[in-house]
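K.L.:
In the order they appear, the protein sequences are chains A and B.
With this note's numbering as the guide, the letters of the first sequence map in order to residues 1 to 112.
With this note's numbering as the guide, the letters of the second sequence map in order to residues 113 to 272.
Hints are not guaranteed to be accurate.
[What the hints assert, rightly or not] Cross-link-like lysine-lysine pairs, in silico, DSS-like; alpha carbons within 25 Å at most: (1) A:LYS4 x B:LYS164; (2) B:LYS240 x A:LYS87; (3) B:LYS240 x A:LYS4; (4) A:LYS4 x B:LYS209; (5) B:LYS160 x A:LYS4; (6) B:LYS155 x B:LYS209; (7) A:LYS4 x A:LYS87; (8) B:LYS160 x A:LYS42; (9) B:LYS209 x A:LYS87; (10) B:LYS228 x A:LYS87; (11) B:LYS228 x B:LYS160; (12) A:LYS87 x B:LYS160; (13) B:LYS155 x B:LYS239; (14) B:LYS228 x A:LYS4; (15) A:LYS42 x B:LYS240; (16) B:LYS239 x B:LYS160; (17) B:LYS239 x A:LYS42; (18) B:LYS121 x A:LYS4.
[Stated by the list, open to error] In silico negatives: residues of chain B with every beta carbon more than 12 Å from chain A: (19) LEU126; (20) LEU128; (21) GLY151; (22) LEU165.
Hint data in this document are derived by calculation from the structure and do not stem from the laboratory.
Idealized CB from N, CA, C, for every residue including glycine.
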Amino acid sequence: MERKDRIVLAMVIGMLGFVITYYFQPFAFYYYPLEGIWSTEKLSETIAMGWYGRSFWGLTLGALAGSIAFGLLGKGWKILRFDAAIKLLSLLAVTALVLLSVHIVIHEFSVG
Amino acid sequence: MIAFESIGKLLLFLHLIAAVCATAATIHLAIRVFGYLAGRYIKISQEKVFAKLLLISYGVCYMLGALLYPNFRIRVRRDYFDAVQHMNFATALFEVKEHLATLGLVATMAIWIFSKLIDRPSKLENKKYLPAYGALIIFMLANVAYNIWSGWYLTVLRSV
Chain A
1 MERKDRIVLA MVIGMLGFVI TYYFQPFAFY YYPLEGIWST EKLSETIAMG WYGRSFWGLT
61 LGALAGSIAF GLLGKGWKIL RFDAAIKLLS LLAVTALVLL SVHIVIHEFS VG
Chain B
113 MIAFESIGKL LLFLHLIAAV CATAATIHLA IRVFGYLAGR YIKISQEKVF AKLLLISYGV
173 CYMLGALLYP NFRIRVRRDY FDAVQHMNFA TALFEVKEHL ATLGLVATMA IWIFSKLIDR
233 PSKLENKKYL PAYGALIIFM LANVAYNIWS GWYLTVLRSV
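Next comes chain B alone, as it looks inside the complex:
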């Protein structure tokens, strides 16, 4: 018996919901922070909310993905990608997705810390943090874009 195999589809659905929330939070956060970099210091409280939402939704998404992984490794990768189709490309897509998920978790925590530290982005003492804050959000935009796209594509090929 593979861990969490019996509730694989439920976990996958919840993983999708959390991923959609994390993507939406990243996009909304990017709009606010890119505004700061352009000198538009508006809707600051919303930026804090989206940073917190990103941390929570990404953390939940990550944990659900970790629970799903053994089921995927056996029922999808071993039984289908490797044994039937010899789809090395799909395996590589997934391996990159898993590693990027861990890197994204680090970036998400750093984004949340920056959002807590930068109380007022217009203050001179806070401006030195904005380039790294913006760079982390660009990293997360690329990260969630890849993970959402590859997750969708792999599920189309074969689901748990």
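Looking at chain A on its own, in the form it has when it is part of the complex:
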């Protein structure tokens, strides 16, 4: 596989990994601004901020997925040699970002 295609495919998998992690939030940790502490437990009696943890896990697991994919795609894989497939998959990753944005907007305004 050509090096550029390998990088783009790894990036696509990294972006999809980010979107899935950000959407499902399999792990969480919270920042408590009044106490100035971090915790994996959500305490109901004080203000907790989940955005830091959600962003951290999304970016970290997305980067990890992309790195693993980059390593695996270098092992002589011959799949996806067609330009159309590369084009389609990279557009799929952007679509996933857009759909996640739409979900966030709908969720936040319906909660508010």
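Dock chain B against chain A, hints included.
P.N.:
The following block gives chain B in isolation, referenced to the frame of chain A:
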């Protein structure tokens, strides 16, 4: 004591400067890349500069926003939006802004990677990357437009 409360206004000002740079870089980048999609392959070196500028300014803007967030969460959202005005709409505007900022960071990194990979956009082997590159820039245009507008509006309502 809330983290970075004492330098909240300075951070907010620097956040604004970085946001203006990121917006300008996105617009200039869009002009170049939409030109590629229309078959005008000019000012390629400038496109690389704007992609790098976007990555740096957006990254700085994101970090400053993350530092400001606890101060905003307590002094603006809890003490004013929730307690005084019951402004659920403003809270939702801000929550969307924060989430879109993280999504924008991912898009910004992807844009920078594309700009590094596409050495000559007129080359046939690079044309397959242009639709996703253009789509990411459209996403970023919408992203920075929302974030600049909502950031300005929220600051007008109540600042840190």
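K.L.:
Compare the structure with each hint and give your call.
P.N.:
Okay, the hints, checked on the actual structure:
Pair hint LYS4 of chain A plus LYS164 of chain B holds up; C-alpha atoms about 19 Å apart against a cutoff of 25 Å. Simply put, LYS240 of chain B and LYS87 of chain A have alpha-carbon atoms about 5 Å apart, close enough for the 25 Å limit, and the pair holds. With a CA separation close to 11 Å, the supplied pair LYS240 of chain B and LYS4 of chain A stays within the 25 Å bound. Between LYS4 of chain A and LYS209 of chain B the alpha-carbon distance is near 33 Å, which puts this suggested pair outside the 25 Å criterion.
The straight-line distance between the Cα atoms of LYS160 of chain B and LYS4 of chain A is roughly 17 Å, inside the 25 Å bound, and the hint therefore holds. Our distance criterion of 25 Å between C-alpha atoms is broken by LYS155 of chain B and LYS209 of chain B, whose separation comes to about 32 Å. The hinted pair formed by LYS4 of chain A and LYS87 of chain A meets the criterion: a straight-line CA distance of about 12 Å does not exceed 25 Å. Between LYS160 of chain B and LYS42 of chain A, the direct Cα distance comes to roughly 44 Å. Violation of the 25 Å bound is thereby established for this hinted pair.
A distance of roughly 29 Å separates the Cα atoms of LYS209 of chain B and LYS87 of chain A; the hinted pair therefore is violated under the 25 Å criterion. Under the criterion of a C-alpha separation no larger than 25 Å, the hint pairing LYS228 of chain B with LYS87 of chain A is consistent with the structure, at around 17 Å. For the suggested pair LYS228 of chain B and LYS160 of chain B, the alpha carbons sit about 7 Å apart, so the restraint of at most 25 Å is met. For the hint pairing LYS87 of chain A with LYS160 of chain B, the CA-to-CA distance comes to about 21 Å; that is within 25 Å, so the pair holds.
Pair hint LYS155 of chain B plus LYS239 of chain B holds up; C-alpha atoms about 17 Å apart against a cutoff of 25 Å. Restraint check: the Cα-Cα separation between LYS228 of chain B and LYS4 of chain A comes to about 10 Å, which is no more than 25 Å; the hinted pair holds. Taken as a hint, the LYS42 of chain A and LYS240 of chain B pair is broken in the structure, with Cα atoms around 46 Å apart against an allowance of 25 Å. For the hint pairing LYS239 of chain B with LYS160 of chain B, the CA-to-CA distance comes to about 16 Å; that is within 25 Å, so the pair holds.
Note on LYS239 of chain B and LYS42 of chain A: the hinted pairing is violated, with a Cα-Cα distance of about 48 Å set against a maximum of 25 Å. Of the pairs offered as hints, the one joining LYS121 of chain B and LYS4 of chain A is violated, with about 44 Å between alpha carbons and a cut-off of 25 Å exceeded. Residue placement check: LEU126 of chain B keeps its beta carbon more than 12 Å from all beta carbons of chain A (closest about 20 Å). Against chain A, the non-interface label of LEU128 of chain B holds: every CB pair exceeds 12 Å, the least being about 20 Å.
Once the 12 Å rule is applied to beta carbons, GLY151 of chain B is consistent with being away from chain A; the minimum gap is 17 Å. Residue-level check passed: LEU165 of chain B sits 20 Å from the nearest beta carbon of chain A, beyond 12 Å.
Comparing the model with each numbered hint stated earlier shows that hints 4, 6, 8, 9, 15, 17 and 18 do not hold.
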